[in-house]
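Chemist: Please dock the two separately framed chains into a single complex, following the hints provided.
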Amino acid sequence: MRNTLVKTLTEEALKDNTIMLLTGDLGFNVLNKFYDVLPQQYVNAGISEQNMTSVAAGLALSGKKVFTYSIGNFSTLRCFEQIRNDICYHNANVKVVSLAAGFAYGPLGMSHHATEDIACMRSLPNMRVFSPADPLETIAVTKAAITSDGPCYIRLGKGGEPNLREAFDIENFEVGKAYQLRDGKANVCIFSTGSVTKEAILAAEQLKDRGSIPVYTFPTVKPIDEEFIRACAERYDAILTLEEHNIVGGLGGAVAEVLAENPSRARLIRLGLRDVFSSVVGDVAYLRHYYKIDAEAVVTALEKVLK
Amino acid sequence: MESKALAKAVRIDVVEMIHRSHASHIGSALSIVDILSVLYTDIMKYDTADPAWEGRDRLVLSKGHAGSALYAVLAEVGFFPKSWLENYDLNGSPLSGHVSHKGVPGVEFSTGSLGHGACVACGMALASKLNGKTNRTFAIVGDGECDEGSIWEMAMFANHFRLSDFTLIVDCNGLQSFGPCEETIELLDLGRKFRDFGWNVMEVEGHDHDALRKAFSARPSNGRPTCVIAKTVKGKGVSFMENNVLWHYRDPQGEEYERALSELQGAEQ
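Sequence order for the protein chains is A and B.
Position one of the first sequence corresponds to residue 1 (our numbering), numbered consecutively onward.
Position one of the second sequence corresponds to residue 1001 (our numbering), numbered consecutively onward.
Just to be clear, a hint being listed does not mean it is correct.
Below, computed lysine to any residue pairings styled on SDA-like, alpha-carbon distance capped at 20 Å [as the list claims (entries may be wrong)]:
| no. | chain 1 | residue 1 | chain 2 | residue 2 |
| --- | --- | --- | --- | --- |
| 1 | B | K1102 | A | N126 |
| 2 | B | K1133 | A | Q40 |
| 3 | B | K1102 | A | E81 |
| 4 | B | K1045 | B | V1077 |
| 5 | B | K1133 | A | I19 |
| 6 | B | K1129 | A | G46 |
| 7 | A | K15 | B | L1130 |
| 8 | A | K177 | A | E227 |
| 9 | B | K1129 | A | T18 |
| 10 | A | K158 | A | S111 |
| 11 | B | K1008 | B | E1205 |
| 12 | B | K1129 | A | E303 |
| 13 | B | K1129 | A | F173 |
| 14 | B | K1129 | A | L38 |
| 15 | A | K304 | A | Q206 |
| 16 | B | K1102 | A | P125 |
| 17 | B | K1102 | A | D149 |
Because the hints were derived from the structure by calculation, they are not lab data.
Treat the numbers as computed from the prediction; the structure is a model and nothing was measured.
So that you can see chain B by itself, here it is in the shape it has in the complex (with noise of 0.2 Å):
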């Protein structure tokens, strides 16, 4: 499948899944469905017919919360049954709100708590330095996570250990729990951030597949890890969950889902 026509299934499953189940965070699942999108499509190696390969790329998704985007992405490129998705959330079900890896096929770690997954990652990255392999390994953290401390002291442990294969995206959509980030804690110049602590970044618009696809290829030589900076929009897709925290929390149902459905529908891909 073609990354743009990932990206529309994914939005439509991930609208429904949070449909059925009633659960929250749409707002940050969908902000990050173009970043999945193109590297399920042309960025990573892995091989859905064994997906503990050794020589996978590994792409822990630190911002747990947004699940249902990993879910469904693994879902479209065949880790596991489509029909699994119906039972997101719910009970019996083996995904859970918050990425959850037991029993389910393509995912590589468990996160839900922030600050974590970005941190294993570079510890996997870590072990493919160290065993002379060339694997790469992404962790998509969101910007309200560079709230926590252990982000920070992975960003100096991953430039100290020159962990080129490592890259880092930030899904940069500008709000978190409460509101804006920088009404909550200032982020200020996240790439300036990375770029004093070492690292490679680029600054991309988080929409745009070809501008992804770029970001993601490219493999400075300086030895460095890369941060890939991604803007984006939180709710990205349906107009009326665009920019809107309330749609951190809030499920779609009656008229609001038709309506998510119908633009989601109307899209191009």
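Bound-form chain A, shown alone (with noise of 0.2 Å):
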């Protein structure tokens, strides 16, 4: 995901000398595709997050459209407040892009994983949160990023992800609107985000014999579709949601909040990390299985709802 972002941010910044892309000095070998061709559009603002964003907000008051980028939580909640005063409450035309979401970095640990920040952009006015689960939405995202003025959060996975579709409209994209990814006729559905959702498509894969279970993505976490998620309550007995992140706050709980305000049918089953730090050592996938968030969880949890 991140090389597709910087190949499409590259091609449109190409077109469009207002786009710059500041870094905290991380993106080594990846960013150069970037700087290589558009150099006076690139800052390295060197290892600096509060100052990098503070910047990024001057530099869009004063007509740029700006993306800054590192990695896990430091272009997040390290300058949170940079990014509530600074971009959010005036508005500004800047992109905080965060590198690897949820467990992508694995077993660096715990510092490295992304798995607050839905949670902590979600909560800021005027922001937008974009999941991409895959490199198309990827494309999509970053597309609407930079057409569409003011805030927003881009959260990608490493990279390496496969795509999860063999076609997807990118033109037509629509901010705020979750994309059937699986058809079904099950009486339960998968809403997912981010690069995790391959699990819940593996999970549908494999409880086939019980039913065809329909597997939604939400590349826009806010605004949050919301007609779509009180469609699903009113049609599913259950609805399972899945994301690398704390169930407080992300996509579960922004699911929870619709359905907490229009009483339905549907019950809620929300698998992300249960309000815990990952404090065990592991690639992306030991961590999702020891958190149960991997396919095998989502199957165990869907056995009891299914018809």
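Modeler: What follows is the structure, given as structure tokens:
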């Protein structure tokens, strides 16, 4: 996903010289694809995310479209107040990018796991939150970020994620809309966001003898697709949300908020980190299994509600 | 208006505003009145009829708690009616205690949390440089604000990118929340610190308009940003507020209010 974002951003920045890319000294061997062709639109701000974020606001208020880039929590939580006061309060045209959603940095440890970022970014007025599930969604949200004014957050997987569908209508991508990845007629459905969506597809595949389970992806977590959630809540007995993030304030939290204000048929099952830090050592697959947000956990949860 | 006349009017405005609203930070505001007055009379280019004019010089008041002084200056030079000052910090007013830009012509940026505004101004200065513009960007920080790590991130950045049209003004009144800066977190020699960070540094008497004019007008040609260390007095102009940390919080009422006004009205221009 990161290469997809950098490639898309470079293509767009070649056409629009107001686009700028700021990095907090991360992206070695990744951002050079941008820098090599557009050095005048690139700034390495050093290891100083607070200043980088405020500088981005200043650039944006002077007419630039600014992307800030770092990994894990460095571009979000480290400079949360700068995002709040300097970017969001001023509705500045800054797009905050974080590489490596959830456990993507695996054994590097909890400092590098972004597991509360959606909740934090989602709480800010004026902020939109994008969490693409595959490279195709990444292209769509990157273009949407450029063409729409105002702040947004883009949460990326680390790289090498497969496309989860054969085709995606990028040109007609709509911010704030859920998309169907897999059709199904079961009495339950899966909502997923980010690269962990791969596990939802695997789970649906493993359960195919019990029924066809629809899988929906949320490339936009804020604004959340309320109308779609309400419709699903009428149609299904249960909605399972899957995210590589704390269940507090993430996709599951956002869906819960909609359901709580719209009493309906479906019960909600949230799979994610259950308000804990990821303190064990392991790669992504190991951690997803340990914290019960892999395909197996989805299967186990859905078997209890499938008819 | 001449800078000294503006400073006198603004000091009176500030005392009246904070008296009416029972707001805090009167000492912080009085500390920067001369700096602002010189900038807005003799240094900065702006158009009160077109606050968003692209060629304007930018000023970000990073020490947003001194907002009453900025609002008063903006009203006195004509960005908005002086009558707005009467509702400063009161219910429904556009003028919040800390500086807010929303609905307030002339305010470049909203601040209040320390260590933000100077970094944003740095970004504005970078944009001007990248766009080949020659307008200047100013930021005013407090000396206590230099406790914030982001100030030093900004200091490295502005020098590295040679933001020569960027001027940082440090309002060095020597006092912060609990008392003297040096007893809180030793700042030691701020001028030397900024010099070591690559900046041009000028240290001036922060209430001497001629000295301020000279410092703000000097444009060193080495391509580096400039830091003006302005030695100021917290509460400047009201004898019983000067150098007294109590007036970081207290608002003048009754006899104190009358005395403050009387001292300021009787002051030389």
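Chemist: Hint by hint, say whether it matches the structure.
Modeler: These are the hints, each one checked on the structure:
1. B:K1102 with A:N126: holds, 15 Å
2. B:K1133 with A:Q40: holds, 15 Å
3. B:K1102 with A:E81: With Cα atoms ~18 Å apart, B:K1102 and A:E81 stay inside 20 Å; holds.
4. B:K1045 with B:V1077: holds, 12 Å
5. B:K1133 with A:I19: holds, 18 Å
6. B:K1129 with A:G46: holds, 19 Å
7. A:K15 with B:L1130: The hint holds at about 17 Å.
8. A:K177 with A:E227: holds, 9 Å
9. B:K1129 with A:T18: holds, 13 Å
10. A:K158 with A:S111: holds, 15 Å
11. B:K1008 with B:E1205: It holds: about 17 Å lies between the C-alpha atoms, which stays within 20 Å.
12. B:K1129 with A:E303: violated, 61 Å
13. B:K1129 with A:F173: violated, 36 Å
14. B:K1129 with A:L38: holds, 17 Å
15. A:K304 with A:Q206: Given that 20 Å is the threshold and the Cα spacing comes to 15 Å, the pair holds.
16. B:K1102 with A:P125: holds, 15 Å
17. B:K1102 with A:D149: Cα-Cα ~18 Å, so holds.
The structure shown violates the earlier hints numbered 12 and 13.
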